[in-house]
Amino acid sequence: MTTESIPADEIKRSKLGIRIPPVYYFLVIITVGGLILDILFAKGNIISNPTILTNILIRSVALGIVAVGQTFVMIGASIDLSVAYTISLTAVMTSQLMQGDPERVPMAIILVFVIGAVIGLVNGLIVTKLNVNPFIATLGTGLIIAGILNGTFANFKGSVPKSFRALGYESLGPIPISIIILIAVVVLGWFILSWTKFGAHLYGVGGSRELGRLSGLRTSRTIIVAHIICSLTAVLSGLFIVSRLGSGAPWVGPDGIYDLESVATTVIGGTALSGGRGGVFGTLAGVLIFGVIDTVFNQLGVDTYLKTVFRGAIIILAVASYSFRSKREAA
Amino acid sequence: MTTLEKIPSRQMTGILVTIWKRVKKIPPVYLIFLVIIIGVSYLNPNFATLNGMLLFLRRASPLAILAIGQLFVVASGGFDLSQGSLVTLTVIGSALIIYNNEENSYIAIMILLGIGIIIGLVNGVVVSYLKVPSLIATLGMLLLVKGGGLYWTGGAPKGYLTENWRYFGRGFIENVPVFGRFPVAVIVFLIVVVIMTILFHKTNLGKQILAIGDNPRASQLSGVKVKLIRIIAFLISAFLSVVAGVMIGGYGGTSILAGEGLEMQSVSAVVIGGALLLGGKGSVPEVAIGGLTLEAIFSLLNLLGLPKPYRDAVQGLIIIGAVAYAAITSKRRD
Numbered sequence: 001m002t003t004e005s006i007p008a009d010e011i012k013r014s015k016l017g018i019r020i021p022p023v024y025y026f027l028v029i030i031t032v033g034g035l036i037l038d039i040l041f042a043k044g045n046i047i048s049n050p051t052i053l054t055n056i057l058i059r060s061v062a063l064g065i066v067a068v069g070q071t072f073v074m075i076g077a078s079i080d081l082s083v084a085y086t087i088s089l090t091a092v093m094t095s096q097l098m099q100g101d102p103e104r105v106p107m108a109i110i111l112v113f114v115i116g117a118v119i120g121l122v123n124g125l126i127v128t129k130l131n132v133n134p135f136i137a138t139l140g141t142g143l144i145i146a147g148i149l150n151g152t153f154a155n156f157k158g159s160v161p162k163s164f165r166a167l168g169y170e171s172l173g174p175i176p177i178s179i180i181i182l183i184a185v186v187v188l189g190w191f192i193l194s195w196t197k198f199g200a201h202l203y204g205v206g207g208s209r210e211l212g213r214l215s216g217l218r219t220s221r222t223i224i225v226a227h228i229i230c231s232l233t234a235v236l237s238g239l240f241i242v243s244r245l246g247s248g249a250p251w252v253g254p255d256g257i258y259d260l261e262s263v264a265t266t267v268i269g270g271t272a273l274s275g276g277r278g279g280v281f282g283t284l285a286g287v288l289i290f291g292v293i294d295t296v297f298n299q300l301g302v303d304t305y306l307k308t309v310f311r312g313a314i315i316i317l318a319v320a321s322y323s324f325r326s327k328r329e330a331a
Numbered sequence: 332m333t334t335l336e337k338i339p340s341r342q343m344t345g346i347l348v349t350i351w352k353r354v355k356k357i358p359p360v361y362l363i364f365l366v367i368i369i370g371v372s373y374l375n376p377n378f379a380t381l382n383g384m385l386l387f388l389r390r391a392s393p394l395a396i397l398a399i400g401q402l403f404v405v406a407s408g409g410f411d412l413s414q415g416s417l418v419t420l421t422v423i424g425s426a427l428i429i430y431n432n433e434e435n436s437y438i439a440i441m442i443l444l445g446i447g448i449i450i451g452l453v454n455g456v457v458v459s460y461l462k463v464p465s466l467i468a469t470l471g472m473l474l475l476v477k478g479g480g481l482y483w484t485g486g487a488p489k490g491y492l493t494e495n496w497r498y499f500g501r502g503f504i505e506n507v508p509v510f511g512r513f514p515v516a517v518i519v520f521l522i523v524v525v526i527m528t529i530l531f532h533k534t535n536l537g538k539q540i541l542a543i544g545d546n547p548r549a550s551q552l553s554g555v556k557v558k559l560i561r562i563i564a565f566l567i568s569a570f571l572s573v574v575a576g577v578m579i580g581g582y583g584g585t586s587i588l589a590g591e592g593l594e595m596q597s598v599s600a601v602v603i604g605g606a607l608l609l610g611g612k613g614s615v616p617e618v619a620i621g622g623l624t625l626e627a628i629f630s631l632l633n634l635l636g637l638p639k640p641y642r643d644a645v646q647g648l649i650i651i652g653a654v655a656y657a658a659i660t661s662k663r664r665d
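These protein sequence lines map, in sequence, to chains A and B. Under this note's numbering, the first sequence has 154 at position 154, and the numbering climbs by one with no breaks. Start counting at 1 in the second sequence, then tack on 331, and there's your number in this note's numbering.
Extracted from the complex, chain A is given alone in its bound form:
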């Protein structure tokens, strides 16, 4: 977007995409601050007890996976607010379809991914072909999914078999499977964004839809694919959540505020709401910041409702810390 020349080494680094996003300094500051608070006002368990550290990571898995998908659509200057309900739909459908039977696991997983792809396709088509503002389009599809979910399914019907719950609880060596999945998703996301043609197109289209179109990119198709990827990550998050819970309920997605938090962590991670800039490693840091804050609050025994208050304040301040320097008016 800027015409000034960029130093060669910066191009090399940014092409690799491993330039450390500034958000990691925040992560370090918040972690250190949290640890100090923990030592001063609680028992100082976070350092001494490694399971708490693992728990921070596990708690970050569900949010982390869907936030990677959110990063894709937001780089494309779109947004997906239907992810919370896609997560719920996946959780409910999975436990309904599996009915505790290990043999039905592959069928159920394939089916929920297909449903996820359809949701992403519909979102993408509404945004690109009907020209509906992505906020409204995905809030709308979210409402539609929520209505169907709440009208059709009861809480905790069906269950997932024990073998499937390994996804949420088992470890491969010392590392929990869920964390391996999160890392795999982040690395895959980074690879797609930095090394594939689709990734390059997505940055181009997100930077300016018009410029992208004029330089011969298939803008609609690129954004539709980004939406499909995002919905698929929401499905994966849903699968992880249901493997932890053992059974799905319609409220698991909206209760976890996955829609807003995935957007917030992505923005905190340095992806612009206006599109064209950002990456998954920044998003991962954003997710970890939320995980650390959550854990510190738990250690300090902060009231649940106060936690919600802090959460709201942190989301606003985190986004503000990036946006307040911009010269453009926000609306």
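The set of hints was computed from the structure by calculation and includes no laboratory data. All the given hints hold, so there is nothing to weed out.
Keeping only pairs whose Cα atoms sit at most 20 Å apart, straight-line, the calculated DMTMM-like set for lysine to aspartate or glutamate is: (1) 307(A) with 294(A); (2) 533(B) with 617(B); (3) 355(B) with 617(B); (4) 556(B) with 329(A); (5) 157(A) with 101(A); (6) 489(B) with 591(B); (7) 533(B) with 545(B); (8) 558(B) with 545(B); (9) 538(B) with 329(A); (10) 489(B) with 433(B); (11) 538(B) with 617(B); (12) 307(A) with 255(A); (13) 612(B) with 329(A); (14) 327(A) with 545(B); (15) 356(B) with 617(B); (16) 558(B) with 329(A); (17) 307(A) with 38(A); (18) 162(A) with 101(A); (19) 489(B) with 303(A); (20) 462(B) with 329(A).
Use these hints to put chain B onto chain A, whose structure you have.
Using the frame of chain A, we list chain B on its own:
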């Protein structure tokens, strides 16, 4: 013969064309409202009576008021998603302040209007000065207000709302000529519509709100105080949310779910009322009718025996459909 026949028929088509042109100029929301009202009246004959209409208006007024508040923000190019949580705060906060003492009712309303003004101010400042996009800012505010309200009351509604507080939401003025008894809520609704119509359509404020929604940079260059105007828009939205909250609490009583999802309903109502999302176009009376229309649609779905959750789904379809319709027609005009 042929010429004699042709002239009147041509005149007829001429008249029909002018009528059609007139009809086309009527905002579609009035026609939609009419169709739905006829549908509801057909299914429930009680609805078509004067009394039935007044009772419907009493129920629908809060949503219409919320939608008018939302319009001020939407016309300026933003969204206010903290409305619903502010409604909840108004209901449970008032119950706590009143604490079963009738004398505290009006103080409670004053305090909550004050809180509303502060929340609107914060929303506006965060968007204008910290440049946080309003969707994030007001969604964050939603969490803040919701969490704050629940923390304040300890997670469950405490105390109950006294009769004089609930008067605005469900009271009647007795012995009114022609009408018999007239709901107070409808009077509040009419007052809000008149004041806000004047504010939005007859003063510079309204024109400036539309201008910054259309093009903030251009309006800034032509001397509009963009930040101030935006803050005022959020203030009005928050203020009207408290007003609607008093009416909703009056109608339905205390509940920590009193305002749940209302922000989406008010955005839907604004869209049905023909306002453009992301700013630049809108009308207070049409949006008010949009609010009534949405409530009428809910009544219709109810009468058709659709379970309550499907309302959400229908609402989603309406929002997408209305915005897509606006996008397609505006494209054609270009």
